Amino acid sequence: MTDLPDTDYTQRFIFDDSDARGELVALERSYAEVLAKHPYPEPVAQMLGELMAAAALLVGTLKFDGLLILQARSEGPVPLLMIECSSERQIRGLARYHAEQIAPDATLADMMPNGVLALTVDPTQGQRYQGIVDLDGATLADCFTNYFVMSQQTNTRFWLYADGRRARGLLLQQLPADRIRDPEDRDASWQHVTALASTLSADELLGLDNETILHRLYHEEQVRLFEGQPLRFECSCSRERSANALVSLGLEDAQQLVIEHGGAIEVDCQFCNERYLFDAADITQLFAGAGVDTPSDTRH
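Note that this note's numbering numbers the sequence shown so that position 258 is 278, with each residue one more than the last.
Bear in mind the hints are in silico, worked out from the structure with no lab data behind them.
Possibly wrong hints are sitting among the right ones.
No farther apart than 25 Å at their CA atoms in a straight line, the calculated lysine to any residue pairs in the SDA-like style are these [as the list claims (entries may be wrong)]:
# : residue 1 : residue 2
1 : LYS57     : ASP207
2 : LYS57     : THR144
3 : LYS57     : ALA126
4 : LYS57     : ASP26
5 : LYS83     : ASP183
6 : LYS83     : PHE33
7 : LYS83     : ASN175
Distance windows between CB atoms, simulated [as the list claims (entries may be wrong)]:
#  : residue 1 : residue 2 : range
8  : THR144    : ILE34     : 27 to 33 Å
9  : THR127    : VAL169    : 19 to 25 Å
10 : GLU120    : PRO250    : 36 to 42 Å
11 : SER256    : GLN147    : 19 to 25 Å
12 : SER221    : GLY309    : 58 to 64 Å
13 : ASN134    : SER218    : 23 to 29 Å
All values derive from a computational prediction rather than experimental measurement.
Just so you know, even glycine gets a beta-carbon here, dropped at the ideal spot from N, CA and C.
Generate coordinates for the entire structure from the input sequences, incorporating the hints supplied.
So this is what it looks like as C-alpha cells:
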C-alpha cells in the first residue's frame with residue numbers, strides 16, 4: 021500500500037488506456053480544526069466538509085501560486101459558506117448560519133435557496149479571476165460539475181461527501197485527445213469511467229482507502245495511482261494584519277474606536293476565533309510607525 025502523508029491528502033491517478041485523470045481527497049485533521057471553531061449544525065458541518073474537499077481537489081487541478089477562494093452565498097438559513105485553500109495547500113473555512121432554521125435532514129436547497137457559488141483564483145502574480153454559477157444542483161458536487169459545464173472547460177465531474185468526522189471527494193477530468201482520437205469512442209470512454217464512479221456510495225468513499233476504491237471501480241482498467249500530497253489547516257490571520265486593518269481607518273477613527281470599546285479594540289478572526297487586542301498605547305505605537313511586534317499590555 022502507498023505510504024500516505026498523515027490523515028489529510030490528495031492523491032492523483034491516471035488511466036493508461038483512456039484520456040482521463042482523477043484525484044481523491046481525504047480530510048480529517050483539518051476538517052476537525054474547522055469544525056472545532058464553531059458549533060455547526062450537522063447539515064452545515066457536512067456541507068462545509070464537502071466544500072473543503074472541493075477546494076482541495078481544485079487546488080491540484082488549477083496549478084497556480086496564490087489563493088483559491090470558494091464562496092457559496094444565499095439569503096436562506098446558511099448565508100455563507102467559505103473556504104480558502106492556498107497553493108501551499110493550507111486550508112481554512114467557515115460558515116454563517118441560523119441554527120433555529122435548519123432541520124436535521126436539511127438539504128442544500130433548504131439551507132441555501134437561490135444561492136450562488138463563486139470560485140475566485142487570487143494569484144501571487146497576475147490577474148485575479150472569478151467565476152460564478154447558481155447553486156441549482158441537488159448537491160454541492162452537482163453545482164461544481166455544473167460550473168465546469170457553464171464555463172465551457174474540459175469535462176469534469178465531482179463526488180463529495182462528509183459526515184462530520186471525515187470529508188472525502190473524487191474528481192474525474194477528461195484530458196486532451198491522445199490515446200483515443202475518434203470523437204464517438206472518446207465520448208463513450210468518458211461516459212464509461214464516470215458511470216462507474218457514480219456507483220460509488222458515500223459509505224464506500226468515506227470508509228475505504230484509495231487503492232480499494234479504485235480497484236472496486238476500475239479493476240478492469242489500467243490505472244496508475246501517484247504519491248499523495250499533504251494538506252493542513254492553517255489560518256493566515258495575524259496581529260500584523262489586524263493592525264493594518266486599523267491603520268486603514270486612520271488615527272482619529274482608531275483612537276475613537278478605543279474609547280467606544282472601553283479602552284481596547286478587539287479584532288476577531290472568524291476563521292480560527294483568534295482575538296487580537298489593541299489599546300490606546302498600541303494605537304499610538306502603530307501610527308508612530310513602531311509596528312505591532314511588541315504590544316503594550318495586550319496579548320492575542
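Taking the hints in turn, this is what the structure says about them:
no.: 1; hint: LYS57 x ASP207; verdict: 45 Å, violated
no.: 2; hint: LYS57 x THR144; verdict: 28 Å, violated
no.: 3; hint: LYS57 x ALA126; verdict: 22 Å, holds
no.: 4; hint: LYS57 x ASP26; verdict: 22 Å, holds
no.: 5; hint: LYS83 x ASP183; verdict: 29 Å, violated
no.: 6; hint: LYS83 x PHE33; verdict: 16 Å, holds
no.: 7; hint: LYS83 x ASN175; verdict: 17 Å, holds
no.: 8; hint: THR144 x ILE34: 27 to 33 Å; verdict: 28 Å, holds
no.: 9; hint: THR127 x VAL169: 19 to 25 Å; verdict: 21 Å, holds
no.: 10; hint: GLU120 x PRO250: 36 to 42 Å; verdict: 38 Å, holds
no.: 11; hint: SER256 x GLN147: 19 to 25 Å; verdict: 21 Å, holds
no.: 12; hint: SER221 x GLY309: 58 to 64 Å; verdict: 60 Å, holds
no.: 13; hint: ASN134 x SER218: 23 to 29 Å; verdict: 27 Å, holds
In summary, the numbered hints that this structure violates are 1, 2, 5.
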